Amino acid sequence: MSELLVHRGGLHTTVQDIGRDGHYSLGIPPSGAMDQYSYRVANMLVGNPDGAAALEVTYVGPRIEFTDDRYVAVTGAEAAVTVNSEPVERWSTLTVRAGDVLDFAMLTAGARPYIAVSGGIGVDSYLGSRSTYTLTGLGGFQGRALKNDDRLPLGDDSVAPPTVGSTVPEKLRPTFPEVATLRTMIGLCSYRITDESMREFTEVPWKVTKDADRIGYRLRGGSLRFVDRKVPHGAGSDPANVVDLGYPIGSIQVPGGDEPIVLLNDAVTAGGYATVGTVVSVDRDTIAQTKSGDQVRFEPVDLDAALAARRDRRERLERTRESLRR
Amino acid sequence: MATTSVELPRARYDYGGDEFIFVELDEAMSLEANFKAMAITSVLREENIEGVIDICPSNASYLIRIDPDRVHPAELVAHLESLEQTVQPLAEDKTLHTRLVDVPVLYNDPWTHETLMRFRDRHQDPEASDLEYAARINGFGTVSQLIDALSGAPFLVTMIGFVPGLPFCYQMVPRDRQIEVPKYVRPRTDTPERAFGYGGAFAVVYPVRGAGGYQLFGLAPAPVFDLTQSLADFRDSIVFPRPGDILRYRSIDQTEFDAVRAEVEKGTFHYRIREYEFSPAHFLADPDGVNVELLEVLYR
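These protein sequence lines map, in sequence, to chains A and B. Sequence positions in the first sequence follow this note's numbering and run 1 to 326. Sequence positions in the second sequence follow this note's numbering and run 1001 to 1300.
To be clear, the hints were calculated from the coordinates, so they are not data collected in a lab. Some clues are possibly wrong.
Quick list of in silico lysine-lysine cross-link-like pairs, DSBU-like style, CA-CA up to 35 Å [unchecked claim]: (1) A:K230 / B:K1183; (2) A:K291 / A:K171; (3) B:K1094 / A:K147; (4) A:K147 / A:K207; (5) A:K291 / B:K1183; (6) A:K210 / A:K171; (7) A:K210 / B:K1183; (8) B:K1266 / A:K230; (9) A:K207 / A:K291; (10) A:K207 / B:K1183.
Being a predicted model, the structure only gives us computed values, none of them experimental.
Start from the sequences and build out the full structure, keeping to the hints where you can.
Here it is in structure tokens:
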């Protein structure tokens, strides 16, 4: 029997991987692990190939029993983790046997821990991915978050065995600063906002509200003014309305001017609110580790800086892989 | 050359972070802008460019999702700019291969009526129903005249999105005959699955139950989204509508609604579909004449 027995599902634990590409034009977002860095490192630690499905935990962790010998790793947000009530290392290769129970204490920093198990979570792939999209109940484990008493299939455990006790160096783990910086390419429909308000947008800290989930994060902190205009045909009369258009993942829309929404992995793919910029892909990892009450700031960057941030993350992942080989 | 009523401005190109390119063909909605979006994106699909992940035609714009490790965003923008010049959807010989589809709608149905009555405090006109309000502000004497106008001319699917399978549809009539309504003052927290809604100049069918801000005009008995893929029209995709489809939101009565529902429940329902070579230039030169032909082909 190779399953995970879910004693307690946690607040919102879902099966995720690198995401489901190629269906955005049908309104199907990619989903996938929100903090890709932590997710990828978790897979490295257990010897999984890139792209194996793992568990994304939100705020409150699950309690899980194993039914056979496996490698396990927990990365991402900080929370004390135990196996059979004994504290274990995070960001480290662990081994478990049948009957062992992995459990979480309260989070102390960040928002989303990741749990990788050697062999990966063995749910069926749907449209090329095992990621869960709960809005329409698609992919993952029955299209939903884990519940108490679920039995989750595991994949075949014939992976390249990692070195037990391998640990990711502190400097290669994410940090959780008091105000998270989100590098942002300003643009899209930012012409709808006055110059003064766009300055305010990048200067004030924004607080994550309780409406913060995998679809998007709603923020509060400033108040943006719209430029007066003659309403274009089909846009709608509200100052924030534009003719409905595609929303990039990471794009920031401003309905009402005072409640920006950053769209994330389960994004609505299109709509009729003015978008004012896009958080660069790498910094979706950062916002994924903020929670209600935390603060973020938008730092304007250009395309070169966004591409450089991508290279940096790839190099960090490679350095992590190297450090585990030693 | 076809005489066009809308001259498109130069397109505006922008990056949506490192993974998206957004191209705004016009700030205002027009069939011309949508034909351009559709034509450029269909050329792009055929080109099959390495690193292009998603190609999303939108109402008066389009969005491309890329892997910037495989294609440089700036190089792709340069290519898109050249397509803007070379792709001329309104040339006389250009056609779009599309589907004409009959989409039955029970306008003024009891279910959406029940829903909209629960949210009158969020509406522009709490004393009227959504249809009564829309008829009044669009200059129709009665609700049935509005329904005749909606049911009378087909709609072009100008974008799919928001949630899986939701078609944004723009009626194929000149701008002075477009029906326009505002969205709710505050969005509803509930909308029935398959509700036929209208906001701005766009008609939609809600694929799933949920929040919504569009005016509620009716209910479609057949789905646009089917995760179980049990109906024949969903064999290849959980989403039925495609950009460029031409949908006729035909007004039906309760008897036909019940009959279609029964077919859907049994799994035997399929949409009436006709393949069609659509000429944007021909259409813009004579919209009413082409609409007569479209309906003639659809019900032949």
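Here is what the structure says about each hint:
no. : hint             : result
1   : A:K230 / B:K1183 : 18 Å, holds
2   : A:K291 / A:K171  : 23 Å, holds
3   : B:K1094 / A:K147 : 54 Å, violated
4   : A:K147 / A:K207  : 30 Å, holds
5   : A:K291 / B:K1183 : 31 Å, holds
6   : A:K210 / A:K171  : 31 Å, holds
7   : A:K210 / B:K1183 : 25 Å, holds
8   : B:K1266 / A:K230 : 50 Å, violated
9   : A:K207 / A:K291  : 9 Å, holds
10  : A:K207 / B:K1183 : 28 Å, holds
In this structure, the hints that do not hold are numbers 3, 8, in rising order.
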